[in-house]
Structures are given as structure tokens and as C-alpha cells.
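Visitor: Top line first, the protein sequences correspond to chains A and B. If you're matching positions, the first sequence starts at -7 in the working numbering and goes up one per residue. If you're matching positions, the second sequence starts at 15 in the working numbering and goes up one per residue.
Now the in silico label distances, taken between C-beta atoms and shown as ranges:
1) A112/B x A238/A: 25 to 35 Å
2) Q509/B x R275/A: 43 to 53 Å
3) S36/A x D129/B: 38 to 48 Å
4) H417/B x T144/A: 55 to 65 Å
5) V124/B x T144/A: 32 to 42 Å
6) E296/A x H95/B: 54 to 64 Å
Some chain B residues near chain A, calculated using beta-carbon distances under 10 Å:
7) G67
8) F128
9) Q132
10) Q155
11) D521
12) A528
It is worth saying that the hints were derived from the structure and are not from the lab. Note that the Cβ used here is the ideal one computed from N, Cα and C, for glycine as well.
Here is what each chain is made of, one letter per residue.
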Amino acid sequence: MADLKIRVYECRFGDAVLVQVPDRDAAGVETLRHVLIDVGNVLSGDGGDDVVFEPIVRDVLEVLDGAPLDLYVMTHEHMDHVQGLPWVDKKGGADLTEAVKARLDVRHAWLTASSAPDYGARFPDAKRAMDAHDRMHAALARQLHLLPADQTARWTRMLLNNNPRDTGDCVAFLQQLAAHTHYVHRGFVADASTHGFAEATFELWAPEADTSDYYGRFRPLALGLTGEAAAAAGASPQAPPRGVAACDWQDLVEARSTGFADNLLAIDKARNNTSVVFTLAWRGWTLLFAGDAEVRSWKTMQREGVLRPVHFLKVSHHGSHNGTPDDGILQAVLPVPPPDARPRTAVISTCGATYNDIPHPPTNSRLVDRGVQLLSTVDLPRRTDATGVAFHEVVLPG
Amino acid sequence: MDAKVTILVKDPLSAASLSVAQTEDVWVRDERVLLDGPVSERVAILDVDPDTGRLRDGVPFVAAKGRRKAGWPVDHDDLLHPDRLAVSAFGTVHKALARFESPDALGRKVDWAFDGKQLLVVPRAGRDANAYYERASRSLQFFWFDDVNDPSRRVYTSASQDIVAHEATHAILDGIAPDLYDATTPECLAIHEAVADVATVLLAIDVRDLRDTLIKATGGAMDTADVFSQVALQFATGLGRTGPLRELDNRLGMADVDRTEPHALSVVLSGALFQVLMAMYGELWAQALATHRGSKLQNAHKALVVGADRIKRLLVRGLDYLPPGDSGYADLGRAMLAADEASHPDTPFIRACLVRELVDRGVVPDDAALEVTTDVDGPWGDDLDPDELVASDFVAYELVAAHRAWFGIPDRRTFTVLPRLDVTKTYVYERASKQVREILLKVRWREVEPAGLGTAYPRDRIYRAGCTVAIDPDTCRVRAVLRNNLPAEQAGHAQARTALLRRLDHDGLLAPPAGHGATRAEGVTTRIDDGALVVSGTAALLHVHAPHAGAGGGQTWPI
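This is chain A alone, in the form it adopts within the complex (with noise of 0.2 Å):
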């Protein structure tokens, strides 16, 4: 009896994960069907390190081994979820340029709801919500400048990363990916007829179909005060007006910047909380994919009491303290003690030196501490050039 198949590539700061499943139909063939999410990591910096899409696609492309994609999902619009794919489709080699669609052969398409052409027009509030995030982001583009020297990488980084104009331009090739696209959300009806399994079975949990919720509030925009752009004009940025105090004048200084972060990092967690989640049900198994969901999808799904025990995670968010839940969330998805005595397993696609705190060694702790295998592609040797792939493979027996 085949088994299940769960590749985690190495893809530096980014999601790339292929599915490989024996699916068996009513007459009792097995077929080896599969799924394929995100491809992408980040734009700038050694995370975003654009050599691994191409090894990535090929190794996608043998496992195939001519069979068609079954399935691909776009979990949400960030750049380390979407621009694999398109990259490798623009840049591969001859044998991939322009053919990347072909080859693949995907039958099924799901996108985050929120990418769907029509979305505006049938959730005006959330487009409205959308726009004005999209404002706040070509205003803090418009500013970075400001910002002091030693902060404009990371930032420069997120805000490329949620850059609309260039994941516009990578969804709308997702959305000619497949035979069948399905723009998806929780309460979509994922029968065969959206993926083509006939064994395997899934349910979306998030988002919801309206997203406006997950649209936080933006703090005013303050800067200047400091940075090169104020030596550069002639005015020290250390040194206070006459008559006043300089500890005073710090605090101001850093607490003008903070509108910054606060409003990019708001924009960033919108898109995560629009992340498709789902799961996958095997034989027994339960498979569950979260995208970059951060705590306020997972409130939601616990809300909407759609939450329950799993054996494997790819956990949210590059391992990030804000993907993974508070304990009371967290159990109802890796219960302690278990429900069965299947192992469990949980692997994060994540990487160094891209933002601060990820990884997060607490968050893993807590998993661990579930009694949980814990996978990390930090762990995987990195590859430098375009021949080879690092994957973590977790094998589930039918």
C-alpha cells in the first residue's frame, strides 16, 4: 500500500510544499494525485535568494513524473507565497520559459477569495479596506527615506513583500494557472469537482468570504526628525532646538517612527489573515496547511468552531510568535494528550536573517512541548546553485 507524501522544500524565507497522495476511486484504482502550495519566498536579502525556484519546479515536475497537477493553492498574496512560480515561468530555463503552465498541467486552482477579479464588486467594504491599505503602502514607500539608515532593510524588505502592484502581476498569472480556477473561503464546497481526489477529502477553514475584518487601523504617519535625509539637509539629527530637552527629543523622534511600523506590519497581517487554511483527510490522517494565518484567523476558526485535532501542521507564518495560537486555540488542533496514537508532526518552512524573531525558538517550544516531531527548513543543508533541492519529506502510511 502506497504512502502519503509531504515535501517541505527549502526555498529560503517562503512556503513551497508539494503533496503527493494515493488516491483511490470507487472501483478501487489508486491513482498518485497531488497538491501543490505557494512557491515563493521574500524579495530582498538571503531569504529571498531566487536560485531555489527552479530546482524546486523540476523536482515538483519529476515526482509528477508526467501526471498532471492535480491541484495548486494560492494561499494568500504575499510574495513569499506567490512569485516562484511566475518567476520560474519568466527566468527558468529553455525548457521552462513560458512553459511553466504547460508542464505542470494543473487542473484545479484555489486562490484566497480576496484575489478573485470580481471581489470588489460583490464585498465593496472589503475593497474600500483594501484600497486604503494600498494607500498606506505607496505612502510608506514614500517615506522610507526617512526612516534612520539601520531600519530601512527590514522594513524595505516587508514593504516589498506586500508590494500590490508585483503580487498583482504574479496572481494574475496564478489565475491562469490552471484548467479550473476556485477563488476559496470558508464554506466553499470542496467536492471533487473543485481538486479531482476521490478518496482524500478537504474543508477550508479560513478565510472568511468577506475579509474587511482582518483590515486593522492605521496610526498617523509621522516621520523625519532624524535619519539621512535631515543631515543631508543641514539639520543634526541629534541635537534638540535650544530649550529643550534632549531625552525629551528622543522619545519623540522614536516614537514618530513607530506609525511606520505599526501601519506596514498591519498591512502584512491583513494579507496573512486572508491565508487560505485547510485540511486534507487520509485514511485516518488529517493534514492541515494554515498559509501565514496569524492569531486573528485563528480566533476566527475557533469562533466559527471549525478547529480540530490534526496529525500534521505546516505551521503559520514561518514559525513567527503571531502564526501559531495561544494554548487554548492550540489544543483543539494538537490536543494534550493526543486523541489516537498516530504520530504527530509539524514542520516550518522558515529562515534566518529576514525579520527579526523568526524563528522563534518559544513558538517551538510550544509545539515540541505537545508532543510534537518539530521540523524546520532551517535545519536542511542550503543549496546555492540550481542543481539541487533540500526538502524535509514526512511519510504517512496509507
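Given the structure of chain A, go ahead and fit chain B onto it with the hints provided.
Guide: Only chain B this time, still in chain A's reference frame:
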């Protein structure tokens, strides 16, 4: 040292439409330090070029010489020139301070709530439709935005006396009643907004040219003049709205507003106070006319000034009497009534108006709910040395510990005695004024109630309660005693706190405390103390944007 400062009146749009002078001169008095900026010992302007981040040179201070007054003269005709905005914001903040601190109001200097001497004012803080006071950065920040009706025109919030006065009042109020800033009871945050709006009205009435013009135009019928009741008209119209940001001439009751949204809730209190002002004005005008002295309009003019002064005294002294901790509208109502009775015992008209407004608007169920204990013997008998009480924390703690039940402090609960306030105010007795000394003794303690926020948060949360005792130092009798943790009102406040906190949690504006450290989300901080949740900095929410909130999914604009 005194200096003359030219400030903008109302806002450029309102002033132009009313054909009144667009500026007025005010005095900054008794300052030990006046520097370029403008900078004084308590207020400093920091003008940042919003495009480059460069700090502009301050407007030069010019000392008095001969007949020339000291000040920060600006030659530019453009009312929106950065130098004019800087000087106007500085002058308006000082104008607000002077009105609050005058002998017929607080009778003392306000200490800022932060650990610094200067309020930093940024008149061009960046592009946004917003302005705010922020305790953590000791600052007022005024933003600007493009008028939606005419994108070539910028709306500077620092060009609006309404908005500058409003934000300055937040800072002043934080100095008087700092616990409101960290409160989780929505009415506490709404008090901040309402007081700031009413102060805006009072400062507008203070502008002689504006007052004269309106009295002439209306023949004294102020209920037909909407200029004073409308807050930040240009700001609102610049955003495409047809009316002002908030309308104080309203009849809204507690049942008509969202009791967990401070801005919406605030108009009940500000509306009540505005109606009391109008009633007081009408009464004073009628009294003046009955004397058959002066013209009708001269009497209207005087009635408006005196009426505004009475409201200012009622409000400011009420705030001084407000118990520490989470105080709601009813607490402020009782504090205002007690303070007014002490300063105007022979003229109960304004108190009757206030009681009627608070009952009619559903703030309290009936008149009895606003009764205050006044003019009684303290539990200390003759055993009180008022000067020692003021000077010695030990004496103060001993006194409160010995009579904790009288103060309302629960058994075995630790408490904090705040620094005593020893103030001398101008009081009015039977139409004559005199200086009266008063000691304000304030005690605060913590109460615990269920947090109601789910498993991510501690099971219990802490809110703060308190008691204010006003003591006559000559007789050691109690002028008034005010406690804010009344059982009849706490059930409603607890529900409102839960609703507010759940809403903040839902909106991602509240984060569970992380271990033993504090967690901050959008300016609101959570921490765990004795196993219970402590939330602070909630007033920061008063200036946070909600992109999809508001009627019809539009923006809310949280000035």
C-alpha cells in the same frame, strides 16, 4: 516675562465665511523662558518639514524694546506660512493653559502627566487627516491633508484654533486627571473627548471679534448661531463632509449612541454641557435685561462671557474634584455639582440645569443619583494638621489607613495616596469673590473583575477606583467627598469595559500579555499583575484610523 502672540481664529474657512478678523492677539504671561521656536518653559514648537524631515529653524524671539512688545513677529501675509502656524499653535496652547489655570478655575499650574516639563508641539507632523496628543512622546502632533474639494489646497490642522485647543485640552486634562488616559471604561475616554470639545467652544467664545459679530448677527439669539457648537468645520468639509466634525448642539441620550465608542459617546456629555451653557446664557441675559442697564446687545455680550466663565469653572473644578481611577459621566456630574456648590452656593440655577440634562439624557436615572456628600465633619475629628497632610506622605497614608472604610477602600486592599493638591481659588459668595484655600486628598486602589476575554488572556482584569476628599484647611471639615465605585453604576461600567476590550481584541488593537513583560499593540499596553490583566494607554485609540469603520463603511476621523 510676557509676550504677545498672534493666533488664528476658529479656522481659516470659518473665519472667512463669518467675515471676522482671521487672527487675534493673545498674551503669554509670566514665563521665565521665551526662546526662538517659539519655546517656553512648558511648551516648545518643533516644526518639521514634512517632505525632507528637516527641522526648520524656529521663529526668532524678539524681546520687548521701548513700545515694542516681546513676541515672535511673522511678516508673511500667508496665514498658512509655517512660521505663522508655529506661532499660532504655540499661542493657542498657552491660551488654553491660561484659561484652565486662571484663579477662577483651577487656581494652580497644571503639571503635565508625563515626566518632563515641556509639551512638544509639531505643527506639520505629516500628511494625514488627524491630530493628537500622545503622552509617551510628550507631544501634540498636527497633520495636514489635501482638501477633497480642492486638492490644491492643504488643510493644516494646526491652522484650526478648534483643533489645537482640542488637543491641548487633552494634554491639560491628562495633567489634571491622568487616570482617564489609561482607563478601560469607555465613558472615561469619552470625558476626554467631551471636555476637549467644550474647551474648544469656550476658547472660541473668548475671541472678542467672533463673539461681537455673532451677537450682532443673531441679535443675541445664540441658539440660532451654530459657530460655537460646531467643532472643526474646515477639517470636516475638507474631507468632503457637509457638517462639522462634531455638533454639540444636540439632544442625544445614552440610548442613542454606541456606548463603547468614545467619540460617539462624547457628544452626550458635550451636548449636555453646551445646553447648560445656553441655558446659563439665557438666564444671565434675562437678568441683565431686567436691570434696564446697557443695551440689549451689550447685555448679551456680558451674559455670554459670564456664562462661559461659569461653565468653565463648573467643568474645570469638577475635573479637579474627579476621583482617581475609572470615573464615568455620573462621577463627573457629581464632581461638577459639588465644586459648583462650593464656589457658587447661592446660585443653584446652573446646577439644576446640569442635573436636568444628565437625567434627561439617561446618564443617571434620577436626581438622587447625583447627590453628593458635602460640608460634613471628616472622620478624623480634630486630629488633622492640614499642612502636615499636604507635606507628608506618611501622615497622609496614616490618615487614610485609619479611616479606610470611610474612603470606600475594600478590606485588605492596598491603596495609593496621590500627592495632595493645595490650591487657592477664587470663590464667589453672594456676588462677592474671595480667595479660598482648599486641600484635595485623592486615594486610588485597584478592583478586580472577570476579564471576559477568552483563554488567551488572564481570567481577571484590574480597573482602578478612587475617592477625592476636598478639605477646608481652616476648619478641617470636608467640603465634598466623591467616590467613583458606586455599585449601582459599576454593573453598567463593567459591561461597557468588557465590550470595549472585546472590541479592541477583535480589531487587533489589544494583544495578550507576553509572560511577565508588557505587550503593546497600537499604543495600548497589556501586562499581568498579580495574575490579572492590566490594560493601559487606551487613550491612544482616540487617534487611530479604522479604514472600514464608520457609517456606510467610510472613514472615521479621530481628532
